[in-house]
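Knowing the structure of chain U, use the given hints to seat chain H on it.
Line order of the protein sequences matches chains U and H. Mapping the first sequence onto our numbering, position 219 (from 1) lands on 222, and the numbers just tick up by one. Mapping the second sequence onto our numbering, position 288 (from 1) lands on 291, and the numbers just tick up by one.
Since the hints were derived computationally from the structure, they do not count as laboratory data. Heads up, a few of these hints could be off.
Identical copies look the same in the list; a pair holds intra-copy or inter-copy alike.
[Stated by the list, open to error] Straight-line alpha carbon distances no greater than 30 Å define the calculated DSS-like cross-link-like pairs of lysine-lysine that follow:
(1) K161 <-> K107
(2) K402 <-> K20
(3) K219 <-> K298
(4) K143 <-> K161
(5) K161 <-> K347
(6) K402 <-> K298
(7) K20 <-> K219
(8) K385 <-> K345
(9) K385 <-> K330
(10) K18 <-> K285
All values reported here derive from a predicted model rather than from experimental measurement.
Each chain is listed here by its residues.
Protein chains: 2
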Amino acid sequence: MNIHELIAELREPAKSKIVLLVADGLGGLALEPGGKTELETARTPNLDACARDGVSGLSIPVLPGITPGSGPGHLGLFGYDPLEYRIGRGILEALGINFPVGPKDVAIRGNFCTLNADGIITDRRAGRPTTERCVEVVTKFLRTITIPGVEVFVEPVKEHRFVLVFRGEGLGGHVADTDPQNVGVPPLAARGVDAASEKTAAVANAFIAKARELLKNEKDTNGLTLRGFATYPKIAAFEEVFGLKSAALAVYPMYKGLARLVGMDILDAGQSLGDQIATLRKVWNDYDFFFLHYKYTDSTGEDGNFPGKVQMIERLDAVIPDIRALKPDVFIVTGDHSTPSKMKSHSWHPVPTVLVGEMCRPDGLTEFNESACRVGGLGQFKAKYLMMLAMANAGRLGKYGA
Amino acid sequence: MNIHELIAELREPAKSKIVLLVADGLGGLALEPGGKTELETARTPNLDACARDGVSGLSIPVLPGITPGSGPGHLGLFGYDPLEYRIGRGILEALGINFPVGPKDVAIRGNFCTLNADGIITDRRAGRPTTERCVEVVTKFLRTITIPGVEVFVEPVKEHRFVLVFRGEGLGGHVADTDPQNVGVPPLAARGVDAASEKTAAVANAFIAKARELLKNEKDTNGLTLRGFATYPKIAAFEEVFGLKSAALAVYPMYKGLARLVGMDILDAGQSLGDQIATLRKVWNDYDFFFLHYKYTDSTGEDGNFPGKVQMIERLDAVIPDIRALKPDVFIVTGDHSTPSKMKSHSWHPVPTVLVGEMCRPDGLTEFNESACRVGGLGQFKAKYLMMLAMANAGRLGKYGA
Chain U
4 MNIHELIAEL REPAKSKIVL LVADGLGGLA LEPGGKTELE TARTPNLDAC
54 ARDGVSGLSI PVLPGITPGS GPGHLGLFGY DPLEYRIGRG ILEALGINFP
104 VGPKDVAIRG NFCTLNADGI ITDRRAGRPT TERCVEVVTK FLRTITIPGV
154 EVFVEPVKEH RFVLVFRGEG LGGHVADTDP QNVGVPPLAA RGVDAASEKT
204 AAVANAFIAK ARELLKNEKD TNGLTLRGFA TYPKIAAFEE VFGLKSAALA
254 VYPMYKGLAR LVGMDILDAG QSLGDQIATL RKVWNDYDFF FLHYKYTDST
304 GEDGNFPGKV QMIERLDAVI PDIRALKPDV FIVTGDHSTP SKMKSHSWHP
354 VPTVLVGEMC RPDGLTEFNE SACRVGGLGQ FKAKYLMMLA MANAGRLGKY
404 GA
Chain H
4 MNIHELIAEL REPAKSKIVL LVADGLGGLA LEPGGKTELE TARTPNLDAC
54 ARDGVSGLSI PVLPGITPGS GPGHLGLFGY DPLEYRIGRG ILEALGINFP
104 VGPKDVAIRG NFCTLNADGI ITDRRAGRPT TERCVEVVTK FLRTITIPGV
154 EVFVEPVKEH RFVLVFRGEG LGGHVADTDP QNVGVPPLAA RGVDAASEKT
204 AAVANAFIAK ARELLKNEKD TNGLTLRGFA TYPKIAAFEE VFGLKSAALA
254 VYPMYKGLAR LVGMDILDAG QSLGDQIATL RKVWNDYDFF FLHYKYTDST
304 GEDGNFPGKV QMIERLDAVI PDIRALKPDV FIVTGDHSTP SKMKSHSWHP
354 VPTVLVGEMC RPDGLTEFNE SACRVGGLGQ FKAKYLMMLA MANAGRLGKY
404 GA
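Chain U extracted, bound-state conformation (with noise of 0.2 Å):
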């Protein structure tokens, strides 16, 4: 029985809320031998807090040693197995531009390339053109073209960079890139390894063929080669699952796009804390659970920024009696993963996590960070497993078994 089984088995009716608090990336790592963490420096009277009235511990995202990119890291957190549910990467990308990707898509990541007289790549980025630029030729050139069969969206995403949307019936995936990584050598053609992603394939090279052909006059962006040819994951509806109508209060598409792939209602949560907490209680009526995406942790964590990441942190800290003041049932804080600003880069060290509500089982910690997490009440725990214990914990999960 797998644990979304379990859950279905278990759940209970109640009406109590949970908020889901993500600070992406929160964990981190020492500079200096005998140093302290990001979170460790940061002045966190709230977060330390939450530490005393609540049980804490060091989420796993996906196993020892593994680090998660964004779509696993957030995926374990909603209680989705990040092993058993994969989300390609045109998937990713398009959610990243907050493309309404759906089940019959298949979501490609494009490049512009420069391609000589004989069809030879010569730059595999196009000399790299302006984000204008691309919209441009996306607009001008790609957005033109038709394949019958299938509905084709083009969506420019940054520089060289598109996103290639077909949607249809019984198109697969399992189609290999056409860039072949190289310059001084031509685009492959798409080929796909099974009917349904030869099907994509033909459309693929049928695109290609015509954009080819629209493209021929233009300088530098004469050419584009295709790559993560991804499906539609299969996912189980976040509410189907957990019986919990939810709301997703991110400011960056791709946490809005990864609240969206587990059928969350994404709420225009605007631009900052400021404006998510606003709408938090706005909505607060609403639903049953809340997801708030916190961005910042992670950004400066990957510039390398230690004091702007504790800085992040100590802003984050600052709005948690706004949530807390709403009086939510379970109230979580942890991240999708660790993204130390030693490492410029997420890693796979465990991340602190605190559980607030009224039948948790309190650990005596003082301080919420790496140090204090590691010997608290939850222990160390694979991030999947977060959702069971925010269920229990809000009464609505039963016993199993008599």
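Below, chain H alone, put in the same frame as chain U:
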């Protein structure tokens, strides 16, 4: 997706070096309530320094409560799920005497026994012959036996025990023991449960018939029984899974054998820790991964020799600086299981483990022992995940998902 598929997908090349130092049976128990374990009693300044510099935890060899043999204990540490990969008794016996078993082999544990004139077993151990006598009977008689279509190898082990190996195509390993486990009855005929194993059984029965004829005039050692028929396990090579060129530096044949099983290079590492370290220095530039095995923490534990185990731990501690002087990127000290002197046997207790690497998250521990590791940053983890942590800390695992 199993962990090997995951690692194959995420693996990245690097120049980093990993040292895995396995102190066999490392974990222990206090003799008295409130007392100290062997490791807590030993003076271990250098292991304590590892605890200060690194991150510690407790390794669960198989599952809570499960006491592993040497085979599963090491497979876990090598990153193979010991519940998925099983090493049959015959194969383990062959590895233990350094016989180079291979994929076409069925290895079997043989016992000399004494038969009366009616072919009834009167002594299951043939009067406990000396090992010299065992060598003599094997050499003079059993090694003369040939069976058409297969190669036959017979190796003396000790006293009444020998190893028998059939090498050939299509030999199965599901053959029941011929040892009836009782005196007063004749040995059983070998019987296979499937066609391939029937083939092995036929070979075994032919071998037994020829042996009976050759041994008929011997005193005591005039019969034999066969147990633990086992084929060579299908196991992906360590280098194939982890991309690590690996060397085993072990003194005892069993551990060389286990390392050979996963395809490590077996180096001549001499007869002592000093020899092993000298070999390590010599081959340092030739490998990415080094497995060092230290036997005496286990053998003293098996003997119930608490002070002896303490002393052997201190002897191991003394060479730690020599290993760290080579500056491995990741240095791990652990055990394949616990062997508490109090129990005089392997046990299920989780095993103290420390990992030192630049990107590990130190946990403030200042000692390396069972009590300290209990609150270490690695938590309690299954041994099979240790290699993933090693790979991550060595910069050899990329991001999972985007």
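Structure-based check of each hint:
no.: 1; hint: K161 <-> K107; result: within (25 Å within a copy, 57 Å between copies)
no.: 2; hint: K402 <-> K20; result: within (20 Å within a copy, 33 Å between copies)
no.: 3; hint: K219 <-> K298; result: neither (41 Å within a copy, 71 Å between copies)
no.: 4; hint: K143 <-> K161; result: within (16 Å within a copy, 80 Å between copies)
no.: 5; hint: K161 <-> K347; result: within (22 Å within a copy, 58 Å between copies)
no.: 6; hint: K402 <-> K298; result: between (37 Å within a copy, 19 Å between copies)
no.: 7; hint: K20 <-> K219; result: neither (57 Å within a copy, 51 Å between copies)
no.: 8; hint: K385 <-> K345; result: both (24 Å within a copy, 28 Å between copies)
no.: 9; hint: K385 <-> K330; result: within (26 Å within a copy, 32 Å between copies)
no.: 10; hint: K18 <-> K285; result: within (18 Å within a copy, 54 Å between copies)
Comparing the model with each earlier hint shows violations of hints 3, 7; every other hint is respected.
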